[in-house]
Amino acid sequence: MEMAWVWTGMVTLSLVFGLLSGNLDAVANAALEGARSAIELSLAMAGVLCLWSGVMEIMNACGLSAGLARLFRPLLRRLLPNACKDPETLAAVSANVSANLLGLGNAATPLGIRAARKMARGCGGVASDELCLLVVLNTASIQLIPATIASVRAAAGCETPFDILPAVWLASVLSVAAGLTAARLLSHGGRRV
Amino acid sequence: MNLSSLVIPVLLAGVAVYGLGKRVDVYAALTHGAEEGLSVLLRIVPALVGLLTAVSMFRASGAMEWLSGLFAPALELLGIPPETAPLILVRPVSGNGALAVASDLMAAHGPDSYVGRVAAVMLGSTETTFYTIAVYFGSAGITKTRHTVPAALAADLTGFAAAALAVRLFFGS
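Here the protein sequences line up with chains V and H, keeping their order.
Residue numbering for the first sequence follows the working numbering, starting at 193 and increasing by one per position.
Residue numbering for the second sequence follows the working numbering, starting at 4 and increasing by one per position.
Here chain H stands alone, though its shape is the one from the complex (with noise of 0.2 Å):
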């Protein structure tokens, strides 16, 4: 037995009974969620059909393994899959185009694939961070964004070569 058999469904038994516990009425507190997960992915999907559009012709054209053999040294030296470097390339900017690359990786290699698994834990270890720091500092009326982008795309590279690792280390290569 997988222990990832025993995490979903005590997860979800074990937060209806301690919600229920509570007096929260679980199943609308579920649906509502359930409808806002829906409204998530409306909005996704528009972007998708476009990155997804894009990527595979990228990928049919050759000129994804040319960008992945580019970068392949510097990636090596790392520890990083060369063919995980457009999604490095993407994550910063855009959080759908690095879920376009990554299902993309996921078909191409399939998803239980040293690749495909290492592209997962990228995408779920970083995050979109050109747009969180627009995003923040926009609202906040910072011009002056001093060691931000430096320190965020330090935290950017460690992730990266980090899910390399961690991959590595629980699942082998």
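Chain V extracted, bound-state conformation (with noise of 0.2 Å):
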């Protein structure tokens, strides 16, 4: 529902500025133009994107996200202590992680909700810092190859759409650091979690 507010908000501020800085005409060509660089850029996308969602595929086909979650387990056990001692709670976790380190999306959220809801239970409805943690980590996902941005630098016609992936890593880690830290200062003013 809230997409439907930005939505209507853009549309109506664009006729407001429009109707105000007098180039309604250039705002009019726009709305048309841009749903036809949708297809555009969706066409543009389309080979890059297909490709490197193959190439993830193979990846998880030859058990890479298998070993990437089993090469996390001593991270998880400490950083989510009390869910962790249930054995099918960190393979969900686990896995979860290493799904989304492989942008496979899809598997990752079935993965990240099935270990959210045995760490709820009993709770009340209430998160416990633990959870919260696991939520934190999936809204400042790490990736190593992102694919779809790649695909929208190659559709922008960028040669070397891969060139900004130590970039990406860089800020991905330090944004799951704040992150990490901020639950962590923030559950009981710093007690340990």
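A portion of the hints provided could be inaccurate.
Unchecked claim - Result set (DSS-like, lysine-lysine): computed pairs, CA atoms no more than 25 Å apart in a straight line: (1) V:K277 / V:K310; (2) H:K147 / V:K310; (3) H:K147 / V:K277.
Bear in mind the hints are in silico, worked out from the structure with no lab data behind them.
Dock the two chains into a complex; use the hints.
This is the structure in structure tokens:
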């Protein structure tokens, strides 16, 4: 529903600004141009997006995501000590993190939800510190190969769409670190989670 | 030779050889994944039509510039280019909206410009925060989310500032 507000707000503001500045012609043209460019963008993105989805699928089929999941278990045991006492929750959380890393959003969300449901059991609708941490981890995702973004860049005429990878990794790590630190500080004013 | 020119062929060949070594039908996996990519694309096309229409009207009317100007002092303080203000506003609410705004920024400034690169890195290092929180807590039956929203927004804000910082670091501005 919030998107209805955002969309209506943008279109209405465009009308008002167009009327005030007298470039309503440009606004009218832009509306048609925007709709046309959406299809152009989609077509230009399609090839790269499909190729990388295919590569991710190979990685998944090779057991790479399972390997990644194993790699993250020790770290997750420290971040979420209570939840990870349950081996099923630990499996779901580590699979959630590795699917996020590989950019398999469709696979990551159901796994994360399975873990969240187990962690929410018996706490009467109040999120525990660890559940907050799990959700924050998922709102600040780290992706090894951001395929969608690379395909948008390729569609915009960029010749080396993957050259931003190191910058994406650095920014992601900083953002996840900030999220985890904030979650820790805000839970009962700094008490250990 | 650009390093990323090496990364792509090496990754493609490496993944294929490794998979074949594990007796995985890599070609079937590739085409299956590509099919999934196509269905993802099909799902976002209608949203892109609606959003790019609105975004391009917004830019043509001058409202985009006004909005960027409104947030410019705060953003410049964090070292964030003010042109990305619309992206920062829409990112936590709508993934497709962010995609539309970022592609508009890349078209307007060029994908290899400072603003174009920062927009791409912002898109890659943050998530649709409010949507994610709603999905997780909604399905887990949680009504009291406590410090999740402020902590998640702290991560987003850091991600935005870090995106600008990382682009300056790796590419100069």
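These are the hints, each one checked on the structure:
1. V:K277 / V:K310: 12 Å, holds
2. H:K147 / V:K310: Answer holds: K147 (chain H) to K310 (chain V) is near 16 Å, not above 25 Å.
3. H:K147 / V:K277: The given pair, whose Cα atoms are some 24 Å apart, holds under the 25 Å limit.
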